[in-house]
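Colleague: Next come the chains, spelled out residue by residue.
There are 2 protein chains.
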Amino acid sequence: MKTLKIPEATIMRLSVYSRYLSEMDRKGIITISSGDIAEGVGVSPAQVRKDLAYFGEFGIRGVGYNVKDLNRTILKILGLSEGWNIALVGIGNLGLALSTYRGFKDRGFTITCIFDNNPEKVGMIVNGIEVMHIDRIEEIIPQRKTQIGAITVPASAAQDVADKLVRAGIKAILNFAPVVLNVPPEIELRNVDLSVNLEVLTFNLGGRMA
Amino acid sequence: MKTLKIPEATIMRLSVYSRYLSEMDRKGIITISSGDIAEGVGVSPAQVRKDLAYFGEFGIRGVGYNVKDLNRTILKILGLSEGWNIALVGIGNLGLALSTYRGFKDRGFTITCIFDNNPEKVGMIVNGIEVMHIDRIEEIIPQRKTQIGAITVPASAAQDVADKLVRAGIKAILNFAPVVLNVPPEIELRNVDLSVNLEVLTFNLGGRMA
Numbered sequence: 001m002k003t004l005k006i007p008e009a010t011i012m013r014l015s016v017y018s019r020y021l022s023e024m025d026r027k028g029i030i031t032i033s034s035g036d037i038a039e040g041v042g043v044s045p046a047q048v049r050k051d052l053a054y055f056g057e058f059g060i061r062g063v064g065y066n067v068k069d070l071n072r073t074i075l076k077i078l079g080l081s082e083g084w085n086i087a088l089v090g091i092g093n094l095g096l097a098l099s100t101y102r103g104f105k106d107r108g109f110t111i112t113c114i115f116d117n118n119p120e121k122v123g124m125i126v127n128g129i130e131v132m133h134i135d136r137i138e139e140i141i142p143q144r145k146t147q148i149g150a151i152t153v154p155a156s157a158a159q160d161v162a163d164k165l166v167r168a169g170i171k172a173i174l175n176f177a178p179v180v181l182n183v184p185p186e187i188e189l190r191n192v193d194l195s196v197n198l199e200v201l202t203f204n205l206g207g208r209m210a
Numbered sequence: 001m002k003t004l005k006i007p008e009a010t011i012m013r014l015s016v017y018s019r020y021l022s023e024m025d026r027k028g029i030i031t032i033s034s035g036d037i038a039e040g041v042g043v044s045p046a047q048v049r050k051d052l053a054y055f056g057e058f059g060i061r062g063v064g065y066n067v068k069d070l071n072r073t074i075l076k077i078l079g080l081s082e083g084w085n086i087a088l089v090g091i092g093n094l095g096l097a098l099s100t101y102r103g104f105k106d107r108g109f110t111i112t113c114i115f116d117n118n119p120e121k122v123g124m125i126v127n128g129i130e131v132m133h134i135d136r137i138e139e140i141i142p143q144r145k146t147q148i149g150a151i152t153v154p155a156s157a158a159q160d161v162a163d164k165l166v167r168a169g170i171k172a173i174l175n176f177a178p179v180v181l182n183v184p185p186e187i188e189l190r191n192v193d194l195s196v197n198l199e200v201l202t203f204n205l206g207g208r209m210a
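Residue numbers (my numbering), protein chains in the order written: chain A, 1 to 210; chain B, 1 to 210.
Calculated directly from the structure, the hints in this document are not laboratory data.
Do not take every clue at face value.
Which copy is meant is left open, because identical chains are indistinguishable; a pair holds if it fits in one copy or across any two.
DSSO-like, lysine-lysine: derived pairs with alpha carbons at most 30 Å apart [said to hold, decoys possible]:
hint, residue 1, residue 2
1, 27, 164
2, 164, 145
3, 76, 105
4, 121, 68
5, 27, 50
These numbers were taken from a predicted model, which means no experiment stands behind them.
Next up, chain A with everything else stripped away, as it sits in the complex (with noise of 0.2 Å):
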């Protein structure tokens, strides 16, 4: 059913459906338009439908969508109907927005181990979770099943953590750091730069004040 040629930003617009229509399911609603959804999160009905659409037919006309199927579809595609483990390095204030974000639990994604380098912060307990000292990343993220690591260290350190959770035998990085990282090309390799998102903002205002 998944085909490579998929773009980027339906990927992202089904994981905001897919919130949006966990939203409907808590409140009880059974059936829903593509109308709907599009109203829900500010994009076309044309856009909902033509997302839906690249991973074949969902909707029965005139009816609209199975609220609770439709989302477990979604989930399925976007790799989510089993949990990820994920590891956090680097307990900073981003790392700790991570550990407390709540979007994280609801979507399936459970946080099984923290590490930082800073002897104050070895031993802390986050969260339920014990500090632990980056040292042990290779011991500790195979025993706890960790597929994910998020690195939230100083761009000066966040190479050699990339390496040392490939040698634990991670399959994704999520990096928040500033720095463009070398990992093999097996590696899943996301970054999240949060500057880049205030510079698009940027460029839109500059093209609409010229």
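Mind docking chain B on chain A? Use the hints.
Modeller: Relative to chain A, chain B alone:
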């Protein structure tokens, strides 16, 4: 020079190229090839040339680009020739992380004011800025000539904060709250959803494991 057809992915890469060019400039590098930029940031040389071609001819064949000139041009394209002022609303862990995020200052973004509704936080000094009550948003933002609002409050409070920012005359909103905001069409709105980034990773992992 600017057209409306430039893909957002190009804008995001320009932002990354520019950060790399600043780093090279600090190291004293005078000229650089598209291949060097490509290797430095982890994309293909053809992609670099294609992205830069949206904005006209920069390089000299066989010589490459002048680092300072190219960076200055990209900063202008991104609307970063002059600085931008940011109001931060919500000083939890994520707000604290943003308030100390070095990447902002380096790119000409200045946090001019911080707001929260928690009486225990109002009056606190964060990075040299006094935290004020959110009821003062409409009074303070025009005084401090602030064009961009960053929302890091819980989802339930985000729409009320957005409404206040709009009434205060803000031009753009960077929203970290996991909720869809309604703002007038003239306001630039960008949502940063930390889960979405994780779900692009798990989609890609699923595809590889299938």
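Colleague: Now tell me, hint by hint, if it's right for this structure.
Modeller: A quick look at each hint next to the structure:
1. Taking CA atoms no more than 30 Å apart as the test, residue 27 paired with residue 164 passes between copies only; the shortest distance there is 28 Å, against 44 Å inside one copy.
2. In this assembly of identical chains, residue 164 and residue 145 lie within 30 Å of each other by CA distance solely inside one copy; the values are 15 Å within and 45 Å between copies.
3. Taking identical chains as interchangeable, the C-alpha atoms of residue 76 and residue 105 lie at most 30 Å apart only when both belong to the same chain, with a minimum of 17 Å there against 40 Å between chains.
4. Taking the closest pair of Cα atoms, residue 121 and residue 68 never come within 30 Å of each other, the shortest separation being 42 Å inside a single copy and 41 Å across copies.
5. Taking identical chains as interchangeable, the C-alpha atoms of residue 27 and residue 50 lie at most 30 Å apart only when both belong to the same chain, with a minimum of 26 Å there against 47 Å between chains.
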